[in-house]
Amino acid sequence: MSEKVQVTREDSKTPSAEPAASGPVFSPRVDIIERPEGMVILADMPGVSKDTVSVVLEKGVLTIDGDVPENAEAGLTLQVQEYEVGHFHRAFEVGESLDPGGVEATMRDGVLRLAIPTREDVRPRRIEIK
Amino acid sequence: MVLRGWSLGDWDPWRELDRVHRGMHRMLDWGWPFRTAADFPAVNVWSDAERVVLTTEVPGLKAEDLDVSVQNDVVTIAGHREAEKLAEGEALRRQERPEGSFARTVLLPFGVKSDTAEAAYRDGVLRLTLHRSEESKPRKIAISG
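For the protein sequence lines, the chains are X and U, in the order given. Going by my numbering, 44 is the number at position 14 of the first sequence; the sequence numbering is gapless. Going by my numbering, 431 is the number at position 23 of the second sequence; the sequence numbering is gapless.
Simulated from the structure, these hints should not be mistaken for laboratory data. Here the structure is a predicted model, which means the values were calculated and not measured. In this text, a Cβ means the ideal position worked out from N, Cα and C, and glycines have one as well. Honestly, I wouldn't trust all of these hints.
[Unchecked claim] Each computed DSS-like pair below joins lysine-lysine, with the alpha-carbon atoms no more than 27 Å apart:
1. U:Lys493 / X:Lys80
2. U:Lys470 / X:Lys80
3. U:Lys521 / U:Lys493
4. U:Lys470 / U:Lys493
5. U:Lys545 / U:Lys521
[Said to hold, decoys possible] Residues on chain U that point at chain X, a partial pick, calculated with CB under 8 Å:
6. Ala450
7. Trp454
8. Gly468
9. Glu472
10. Glu498
11. Ala499
12. Arg501
13. Gly532
Excised from the complex, chain X in its bound form (with noise of 0.2 Å):
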């Protein structure tokens, strides 16, 4: 998808840095996912592949950058332009009762994929009775 959005700082009460890159940063589109086990991300980051991105946790802020290559083909001339590539970056403030420590990424075909679970003892638990 290519509509993106410029990096606001809506996800995180602490202003998230933003990263000196040269060209457009952008905010990529997210599904926030709520299961009882835990939260799962989803986040639309074309272009993007498994070396490229980064997953950083740091005092309770998860945050995601994503690099693209060049949008370019050489020896050709540019006829249409309906998209821009640029970085991608985004944060996320991890609530409480998540174990950050715990989050597992994947990424695939452009599809950034983060689970963080829930911390043990928030889980709900089955009471046996006796």
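With the hints as your guide, set chain U onto chain X.
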């Protein structure tokens, strides 16, 4: 992101809202928030006298859900992506990624051959390489007299 109580069996008004919200998004397909559904996906096109290269961003698709066809100077890119299914007790807290079907036709600078067309899908980016067809090449017309 605070987890709200999810004790099973309770009616959760927020979950109901989420369900309605989800339904609305599904209806709007890939058309939202683009100006019209015909705008998605956005494309970049390069060419010289012999070749056209088109790139477009369509992340998270399986090869069988992407359909590309060419005819003369028109290429059609179509596909669909399902959102992740939710089970009981699960809620969609935020949905920004489009879901549903899309179809876009793009007019090329000239007619192309379909048999030498190459389509590569990598990291969510589709890249088409198309070669000019013989019929579309300009031909000199001899002037008699």
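For this structure, which hints from the list above don't hold up? 3, 9
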